[in-house]
Amino acid sequence: MTNDNTLPMKKSSSFRNFFRKPAVRSIASSLISILAGILVGFLVLLCINPAEAPSAFINMLKFPFINQTSIASIFYNCAPILMTGLAVAFCFKAGSFNIGGSGQFLAGATCAFVPAIMFHAPWYLCLLCAVVGGGIVGSIPGLLKAYFNVNEVLSAIMINWIMQFSFYMICQSNTSIFVENGLTSKVSNVSPESILPTWGMESVSSNFTIGFFLACIIALIISFLIEKTTFGFEIKACGLNKDAAKYAGINEKKNIILAFTIAGILAGIGGAIYILMPASANSGLDVKYTAVPGQGFDGISVALLANNNPLGCIFSAFFIQYLTYSGTGLGSGFTHKVPSLIVGIIVYFASFVALINILLEKGIIKKPKKRTLKKKEVSVKTEEVK
Amino acid sequence: MADEQNKIKEISNTAVSSLNDKEENNYIVEMLNITKIFPGIIANDNITLQLKKGEIHALLGENGAGKSTLMSILFGLNTPENGVIKLNGKEVKIKGPNDATKLGIGMVHQHFMLVDCFTGLENIILGSEPADKLGVIHTSKARKEIEGLCKHYSFNVDLNLKIQDMPVGMQQKIEILKMLYRKNDILIFDEPTAVLTPQEIDELMNSFRELIKEGKTILFISHKLNEIMAVSDRVSVLRKGKLIGTVNTKDTDPRSLSKMMVGREVQLVVQKKPAEPKEPIFSVRDLVVHSSVKHKDVVKHVSFDVRKGEITCLAGIEGNGQTELIYALTGLVKQKSGHIFLRNITAANQVIEIDHYSVKKRNESGMAHIPEDRHKHGLILDFDLQSNMVLERFYKPPFSHYGLISKSKIRNYSDHIISDYDVRSGKGSSSSVREMSGGNQQKALVGREIDRGCPLMIACQPTRGLDVGAIESIHKKIVEIRDEGKGVLLLSLELEEVMNLSDRILVMYEGEIVADLNPKEITLDELGLYMSGAKKMDIKPIKDELIANSTLSKAIVTDGDKTMTDEKSSPKKLGPKEKLLISGLDSELKKLSFEKFNSQNNAKKEDK
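Chains as they are written, first to last, in the numbering used here: chain F, 157 to 542; chain H, 39 to 646.
These are computed hints drawn from the structure, not numbers from a lab.
Treat the hints loosely; a few may be bogus.
Unchecked claim - Below, in silico cross-link-like pairs of lysine-lysine (DSS-like), each with a Cα-Cα straight-line distance of 25 angstroms or less:
{"id": "1", "chain 1": "H", "residue 1": "K278", "chain 2": "F", "residue 2": "K384"}
{"id": "2", "chain 1": "F", "residue 1": "K384", "chain 2": "H", "residue 2": "K445"}
{"id": "3", "chain 1": "F", "residue 1": "K409", "chain 2": "H", "residue 2": "K465"}
{"id": "4", "chain 1": "H", "residue 1": "K278", "chain 2": "H", "residue 2": "K445"}
As the list claims (entries may be wrong) - Quick look at which bits of chain F chain H covers, simulated, 3 or more residues with Cβ under 8 angstroms:
{"id": "5", "region": "383 to 389"}
{"id": "6", "region": "402 to 413"}
C-beta atoms are modelled at their ideal positions from N, C-alpha and C, and glycine is treated no differently.
With these hints in hand, go ahead and build the complete structure from the sequences.
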């Protein structure tokens with residue numbers, strides 16, 4: 157009797173055990189939520205224009221793969237939002253919400269842009285300037301939080317705008333060299349030595365640079381920092397329980413400042429990667445003062461989608477950039493705002509990762525034990541009857 | 039497998055036989071074959087608990103034995119995997135506290151569920167407000183009713199007082215009134231006496247007896263055997279999720295109860311030699327701590343010494359400044375004024391003033407601290423157990439080298455604490471602390487602090503929420519470190535622990551030390567009088583050379599600088615470095631402090 161019972165149970169339990177691993181579960185939940193988003197996006201598309209929806213939707217998903225240039229475009233555009241995503245994820249680990257990615261991004265971009273245009277500085281020097289600029293701007297909300305208990309969300313938003321206006325002011329100070337058609341002038345035209353090196357990748361596509369790989373390496377470093385070092389231990393301890401961190405002698409003020417500074421550096425590098433791109437890769441930043449750049453907010457989606465895992469950010473950044481880019485392939489049957497709507501829906505659903513993770517956990521972990529127990533109970537009861 | 043089944047069979051058989059012994063109609067509540075499983079642990083394994091109408095039923099068990107789980111199942115906070123709950127012989131499904139309330143089941147949680155900024159009356163009617171159709175609340179009728187209840191049970195409660203201004207005993211009465219107002223007949227108490235003074239415990243026990251007369255049924259959880267013996271009619275004992283048995287209180291005694299609970303003989307009285315106090319290791323002088331929450335000084339000019347080889351106990355009712363005092367001593371909160379010294383740690387006559395030390399520096403100077411609130415301060419619940427075991431030491435070898443954490447070393451160390459202190463958890467070192475039972479969290483925490491081997495141990499409620507078995511082993515460890523010649527400052531709200539474990543009792547009342555007692559010479563009642571402020575001893579302020587030292591006078595004299603006079607310099611104005619002084623410290627610091635002091639004094643002279 158027992159043999160009959162245990163055999164099928166074992167099979168299902170090994171399957172469930174596989175799903176019980178947290179890593180497997182979080183990947184599964186990401187995939188499920190993305191699929192749900194794609195499904196709902198398609199349904200919305202059906203409502204708007206039933207006739208063209210299926211073909212347009214497939215075109216849209218296929219669009220980024222039609223040629224090397226478009227694939228390359230996803231790669232280089234995903235590097236900046238990967239960096240801002242890391243900036244957000246790192247602060248989340250320290251228990252703070254970094255909404256200042258845009259300001260830090262802009263600080264890095266400005267600090268890389270100005271020396272490149274004015275002094276024709278080599279790319280590594282521009283990158284270094286971006287690190288310094290991003291770090292300084294990033295540290296401000298951390299300092300305010302640590303010493304004056306100012307809410308970091310509030311101060312970071314203010315700094316976003318301060319940076320936007322400073323950027324505008326700097327660009328307007330000498331429009332002949334900084335501005336071109338309402339955008340920042342192209343670094344590649346003025347100072348080719350400031351463009352990130354391609355290391356032979358230009359044969360694949362003219363816009364391939366080391367930007368994406370640089371960002372991936374930084375993501376690896378951040379992951380290492382968080383998981384393997386005492387500094388990461390402190391950051392996580394502060395993020396999870398501030399009081400216990402204080403009790404353990406961890407200087408939580410130091411850590412909050414450092415977390416924001418590092419976040420600033422990360423987003424700043426993102427800004428530099430964006431601005432030091434080849435001419436065909438992007439059109440530069442808008443020189444205006446009515447809106448802050450979107451990369452900082454994209455970073456929040458990247459971090460949330462990756463559940464604040466630095467390595468996960470690589471994939472989520474790529475995914476979001478892929479969707480953004482594929483939106484342009486939707487075709488003429490739809491008005492120009494529809495692609496953004498569909499992309500928005502998919503990203504929105506993708507942010508249900510945490511919820512689906514919990515549902516999976518409940519569904520997978522609790523059920524099997526119930527079953528084994530019932531069987532035990534049944535056997536006990538039958539024995540009693542005997 | 040077969041073994042397990044036999045066991046289950048055995049237990050279910052005993053349950054069945056006990057069921058047959060008495061008439062089923064007698065029972066008001068029956069929980070039959072309840073099983074509840076949490077990941078990695080079976081909290082309740084086929085437990086059958088039956089309550090007779092009008093009895094006081096005690097539930098006794100070790101930490102993590104499943105008592106609270108069982109009660110939360112009865113109150114609808116947890117759903118069992120298996121089992122039936124019957125009320126007056128009818129099967130019921132309890133899906134939430136609201137269902138429980140409707141069925142007449144009320145519960146007083148260990149941590150009261152009251153709204154602090156509401157008055158007693160508001161708290162009692164909360165959730166069943168006497169409102170009319172428009173949603174306007176009419177309290178007058180409710181007030182009359184509740185006042186009637188107070189009179190009937192002779193509860194001395196001020197309904198207009200806000201909860202935050204009430205003593206704990208009164209808060210508990212509000213909780214009881216809440217249940218009575220809802221006409222609950224089955225009252226569950228989760229460790230009701232944990233926070234009360236002996237007088238309040240007596241009152242509560244009397245209330246229990248009154249309530250029984252009215253036909254209520256009481257089920258209470260307790261670790262304290264003497265209370266159970268005094269008030270209960272029957273006792274059910276749980277061990278490791280299983281029901282060991284239900285016995286009539288009059289047929290048993292504390293010794294056999296504790297044996298049932300732990301599964302072995304337990305020493306109920308702490309076994310220790312008389313203390314051999316040596317030189318002081320820790321001195322506090324004239325300490326004042328201001329609370330920004332309460333907007334007043336909560337510790338007022340407290341001075342005392344902790345000596346090596348002695349367990350000095352701070353006793354007092356919760357909220358009399360002990361917590362804040364400990365915060366200041368351990369560096370979590372900055373004191374308003376006063377001095378804290380570590381003495382004779384590495385060398386004789388060495389004095390370090392640690393007022394301005396960071397928590398980290400205090401830790402490194404030789405202070406271990408078992409915090410009162412293990413969830414707030416002691417542990418990071420979302421970390422795994424092994425990370426928590428090195429919370430204060432992760433940055434030092436062998437746990438890390440050059441800033442890189444060594445997971446394997448941490449794991450080894452954590453395994454060692456787990457086996458030494460009998461920490462039980464689902465997945466050993468890698469289990470999430472959040473999923474561990476409170477008692478095991480505490481054991482891990484105490485193990486971590488004792489294992490650091492610091493010469494001074496500040497232990498705040500080290501046995502909070504632990505069962506007799508675990509209490510015994512932790513008391514043993516504390517006595518052990520005392521006998522090794524270390525200093526122990528104990529903060530405890532459990533009077534038995536105060537009386538049993540300590541060698542010297544300092545009673546705190548309203549932020550002051552009102553008595554310095556020898557536990558061998560006083561009775562429990564006397565201690566209660568001091569704690570409630572009814573009695574006060576004349577404590578002479580300690581006058582010694584420590585405060586004078588902290589102004590650097592000694593260093594200057596020993597340095598042979600006769601031209602300097604420091605009598606006028608105020609200790610409060612000196613920076614941290616100067617305070618770090620006196621004999622036995624490294625010369626560079628001395629030099630540094632001396633130079634700074636010089637310049638300061640010169641500046642003063644110039645001012646004049």
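Against the structure, the hints come out as follows:
no., hint, result
1, K278(H) to K384(F), "37 angstroms, violated"
2, K384(F) to K445(H), "8 angstroms, holds"
3, K409(F) to K465(H), "34 angstroms, violated"
4, K278(H) to K445(H), "31 angstroms, violated"
5, 383 to 389, "holds (count 6)"
6, 402 to 413, "holds (count 6)"
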